[in-house]
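Participant: Sequence:
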Amino acid sequence: PNSLGTNSQGEAVFFSAAVGVVLDPATNQQRFLRGHTDDITCMSMSGDLVATGQVGKNPFAYVWDSLDPSKPVAKLSGLEHKRSIIKIAFSTDGSQVLTICGDDNHSVAIYEAKTGRKLAEGKGKKEECSFAVHTGERFVVGGNKFVGSVSETGGKAKVGRGTFGKVGGSPQLLSCATDVSALTGKETVVSGTAKGSLIVWSVSDKVHAIGKAEGDCKAVLSLAVRAEESAVLAGTVSGAVLVFGLAKDGTKLELRKKISRGAPVRSIAGRFSALGNGTILADDQVVMESHFAKELWGVASMGNSSFCSCGDDGTVRIWDAASRQQARCVLLANGQQARAVAVSSDQTRIAVGQSGNVLAIFDATDLSQVTSKTLCPPDRAKAKRRDAKSVKVTCVAFSPSGSLVAVGSNDTTVYICEMPSLKLKAHFNKSSGSITHLDWTADSKFIRTNDSSYELLYYNVEVGKQATSARAVLSEAKWATHS
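In the numbering used here, the protein residues as written are 76 to 558.
To be clear, the hints were calculated from the coordinates, so they are not data collected in a lab. Hints may be right or wrong, so weigh each one.
[Said to hold, decoys possible] The list that follows gives simulated cross-link-like pairs (lysine-lysine, DSS-like), each with its CA atoms no further than 27 angstroms apart: (1) Lys189 / Lys146; (2) Lys448 / Lys369; (3) Lys150 / Lys233.
[As the list claims (entries may be wrong)] Using C-beta positions, here's what the derived DEER-type ranges look like: (4) Ser279 / Lys220: 12 to 22 angstroms; (5) Ser447 / Ala322: 55 to 65 angstroms; (6) Lys498 / Ser145: 46 to 56 angstroms; (7) Lys333 / Arg399: 27 to 37 angstroms; (8) Ala92 / Gly539: 37 to 47 angstroms; (9) Ser447 / Glu537: 36 to 46 angstroms; (10) Lys498 / Arg301: 54 to 64 angstroms; (11) Glu289 / Lys146: 41 to 51 angstroms; (12) Lys369 / Ala545: 34 to 44 angstroms.
Keep in mind it's a predicted model, so treat the numbers as computed, not measured. By construction, the Cβ of each residue, glycine as well, lies at the ideal position given by its N, Cα and C atoms.
Produce the entire structure from the sequences given, and follow the hints as far as they go.
Facilitator: Right, dumping it as structure tokens:
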């Protein structure tokens, strides 16, 4: 939730790693907010203004203009934030920003948005916090079995505790929320739950449940209001957007329709939806695709304007840099993580190193898998099954001739495989740490490796032995790459 927004120009606003991103869907071009020193963890928007908070030892937040993200409008700090800023929210008029910290007390602070001046601070609740919204009068926060409004007196902020009551039922994890006061004419918030239901809250100094509806899903991940339809949109983990009508008094939510998106709907903003598979949709049209889980590990040029990438999401993707679009994508079998990628010199084959020490070869034209092999030194065959979960390919490189492929692993071994059969030609295990880099000589006779122990070693591939005299190799060798 709160990882996607839209501005007055109809652009999509989101974040990736430590960068704020503004995407123009018409030109497929992006602009960036740089300056965060660690990964961004939360986001909120008010008009064209964006607020982003980050993780880190001394985390802070920026307020910035999505029309000109080249520099921040204000920096929100001064509070002893710890660990991260886990939630952030603008007031309805955009004049204030609330931050919630990742410390044990989930401390809260309220700032003046355009100056960064701190207005109030105080302890929050010890329970996990999932959302922060503003009703036009006050901030409302909630999370694991709690919801409450934030009051401010004399520079002190205090988080109250609302009641679920008979309407809300047994307290449960509230996963997200949106302000619907514009639909009811009074302070009202709708929250989604981890069990798939929606709860309507009446907000004042006290917050209490006044309505509830069961969604057709396992969990609600995101909520948004579509004022022109007097509707509440719920993005679900089952890959659907549920459209609810809300009664004027806020006590009833009626399911109008269900729109399938094919992947978990993590955020909704205007006509944009961010899905759990790295895709951003504008209505039904794909405007962006990306890797989507944990880390990106491998990138390799394919010549011209194309390149390929792979990562922990278990996908291999080919990109066209000229059009700034994804050309092809394949999901690896058995949920394997992809840790390294290389392209053959004739650009017809792609080698992908995976968790479990799996090497797979793909056709570069359509990303169909040609062959694969699980690598293990012959002298460690008995340990193969035991190590399957911990070993990973860390780097991979085709020989310039295209007849061989070298594979480095965190098991400290370098494997030399013949193409296209992947028959093991040789293996070298002289490194003391995980292999981090590989280079071939231009004649495909030697390789050099670097590892996590900072050793630089050389091997004669033709004879299958370490070249202990580096001078003999370096004096005449011409290296195809310098990784």
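Participant: Which hint numbers does the structure go against, in order from smallest to largest?
Facilitator: 9
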